[in-house]
Amino acid sequence: MRNNQRQVAITGIGIISALGGSIEETYTSLREGKTGIKMSNPFSLPDYDMMLGVVSEDTLARACDKYNIKGEDNSELFLLCSLEEAIENAGLKDYDNKGCLLNQERMGVIIGTILGGIQSYELFLGGSVDTQRLRSYPLFVLTQKVADRAGCRGKRQTVSTACSSSTIAIGLAYEEIRRGQADIVIAGGVDTLSRLTITGFESLQASSRELCRPFDKNRQGLNLGEGAAVLILEELSHAKRRKCPHIYAEVCGFGSRADAVHITAPDRFGRGLTATIREALLDAALDITEIDYINMHGTATQYNDAMEITAIMNIFGELAHSIPLTSTKSLTGHCLGAAGAIEAVISVLSLWHGFIPPTVNFHEPDDGLEIAVAKTCICRELNTCMSLNAGFGGNNAAIILKKYTGE
Amino acid sequence: MPKAGPSRVVITGIGLISPWGISIREHIMRIKSREKVLRKSEYAISNFVPEDHIEKLKDYARRMYPADHFSIFAAGKALKDAGIDVNPKLDNSIAVIMGSGFCELASREHYLKRVVNRNEIIPSPFIFPNTISNTISAYISIEYGLKGRNITLADSRYSGVSAVACAYDLINSGKAEIAVTGGAEELSDSLHKVIMALQKEPGDLLPLSEGASLLILENLESALKRNAPIYCEISDVNYKNCHVQPSRNLCLRDLSELEIVQQEWSFREIFGDMLGATPAFMIACAAALLRADQELAKETVSIAINDGSGYTISISLKSL
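For the record, the sequence lines run as chains A and B.
In this text, residue positions in the first sequence follow my numbering: the first is 1, and each later residue adds one.
In this text, residue positions in the second sequence follow my numbering: the first is 1, and each later residue adds one.
You may find that some hints are simply not true.
[Unchecked claim] Label-pair ranges, simulated between beta-carbon atoms:
#	chain 1	residue 1	chain 2	residue 2	range
1	A	K240	B	K240	21 to 29 Å
2	A	P245	B	P6	52 to 60 Å
3	B	E35	A	E105	36 to 44 Å
4	B	P125	A	M39	22 to 30 Å
[Claimed, not checked] Just so you have them, the derived chain B footprint on chain A, three or more residues with Cβ under 8 Å:
#	region
5	127–138
6	154–161
7	255–266
8	344–350
By construction, these hints were calculated from the structure, which means they are not laboratory data.
Just so you know, even glycine gets a beta-carbon here, dropped at the ideal spot from N, CA and C.
Taking the hints into account, I'd like the entire structure generated from these sequences.
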């Protein structure tokens, strides 16, 4: 054990996105490199037929039926479906049913979201629902619902740090367990498509009407997406004691630093992200040669991708040409506050099954930026994976996951 | 690089702004007066010119929303109070951890009224960036060049205490030496409606107010090394679930100043309901009272904020 610190295992995962309403559907789509992004106009906005990663009504209905979930706002439905799947495969329900009650006071919830129940708020402003519907809007309500449903009576936090929200949520959950303040923390993220974000990113000229092409020389911008993902983080010996069915991976490093430069544009020298990666590596006590795969933020905007590659070059130097990296946003769309959690779950699947998902639509790298973008699915045993996210306000976050080897 | 291991955490700076003033003295005076707010609808900050207090982001100031202005202003005051001279050009690892339950509401309302009600298809690109919730912590980091961890917590009425607790954990665990932390809220047309919808008992509604309360939390060793003024120590942070409702309708005349700052309901009766910012004001006032009165040196002050469903965060302060 590193520095005699408590180890943090991931014992449950749940996900819903344009790739599907379960871990199994998501895994199949990732292996096949099948994008969930397609032409849609969910709010019937004039001249807004866009490439979006929408969670289909059918997918959501099936997931809600399976777990008997009812609610008013899609953010709540997405999150609770992911929660139930994560609880189910962590074996927490069975454990409870056997009468071996968990210490609920030592179970926390940390959720990342930018928008909360924005769809309810938009309906209210449009006059189609009454004031009571506003109860679904505030961001903390989502955390409260997860805590109530999972019976958590420990710490609750709602992180809103733009597109790095749920990576920071996972990082804070990891630190909470390592410090000994909790045995289990449910961490995750959620965001839905909305008029606010669809028109907002268009106003910034950051979205593309074509399929997004992260890191490609001819990238045009991002495709928005939606979804949720939940991870059950658990102190390793606690997980072993209750004989949990899976230990998918371990969280072993977290870093987060600010650019302190601009409210929307990233630092073009990638200094914030560079410091973030350095902090995460130091926290994990890993050398750059020990990172097997990087799940990049990779929004496919000009500025983000250039900044991210600069930061990777700053840290990894020559190694950056050989470490495989991908942007799974080419498959899910950019799910904003949920992106970090969704990509963390994808990274867990990569470690668990031994594969690197592809960056679809990537053809040609930028001049002088010879990085090893995985174009097709690569099957390979992986021991470590780093997942990166960056957001408005110059927020950067990195988590490092490693394969659980039984030690 | 901050050292690993538990560190003692102290408060070394305070910056405030509310309709009741821009100094800790004005807020303590109001507590001493025990004057309650009138049951009018809300209390807004007036006569505040943001451009007078913002330097690096002066050109952006008119595009920002009030909670951003309040946060930048109060953070500047807190840093100055703590004797921290920040040079935005230099690298530092000062963290910014802010709490706000509803500060994004005004900008989202402004933006969405254009899209939803006025059918404006592509609004100005300058409005959208301000609709994210973390502008308060982001703008502080940009204005003062603070490059450490940067987080906004959106935890409803307990946002301010959630942020201070998060900053405490960061320093206590050796991940940072200094953090700028606190809470901010601003009034908006929708805010009252959202609060009404969330309220279990409408009688519990106090007049809404706005403002920001910022604190500098610092590792004790670092504070001593640079001879920083120390208000008090944060001796404990606790999270629990206890179904105890906050005491209401207490007679303010029967309470000491220190008791008032520990009673959420009494504090809100004096200052109005600043929602997620209120706990940060309570902590700031308690810290100032502890430093001002040597008689209180042996007291441990506990500020506990309950979310209404039983979830409670409490922060204990004591004189050094």
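Range agreement (Cβ of E105 of chain A with Cβ of E35 of chain B, hint 36 to 44 Å) = This hint holds: roughly 40 Å between Cβ atoms.
Do the Cβ positions of P125 of chain B and M39 of chain A conform to the proposed distance bound of 22 to 30 Å?
-> holds (24 Å)
Taking 52 to 60 Å as the hint, is the beta-carbon distance of P245 of chain A and P6 of chain B inside that range?
-> About 35 Å separates the Cβ atoms of P245 of chain A and P6 of chain B, which means 52 to 60 Å is violated.
Given as covered by chain B, does the region 255–266 of chain A meet the bar of three residues or more with CB within less than 8 Å?
-> holds (count 9)
Examine the region 154–161 of chain A for residues whose CB is less than 8 Å from any CB of chain B, and state whether their number is three or more.
-> The restraint on the region 154–161 of chain A holds, since 8 of its residues have a Cβ under 8 Å from chain B and three suffice.
Within 8 Å of chain B (C-beta), three or more residues of the region 127–138 of chain A | holds (count 7)
Assessment of proposed distance window 21 to 29 Å (beta carbons of K240 of chain A, K240 of chain B) = Taking Cβ atoms as reference, K240 of chain A and K240 of chain B lie about 27 Å apart, which means the hint holds.
Count the residues of the region 344–350 of chain A with a beta-carbon closer than 8 Å to any beta-carbon of chain B: does the count reach three?
-> violated (count 0)
Consistency note: the structure conflicts with the earlier hints numbered 2, 8.
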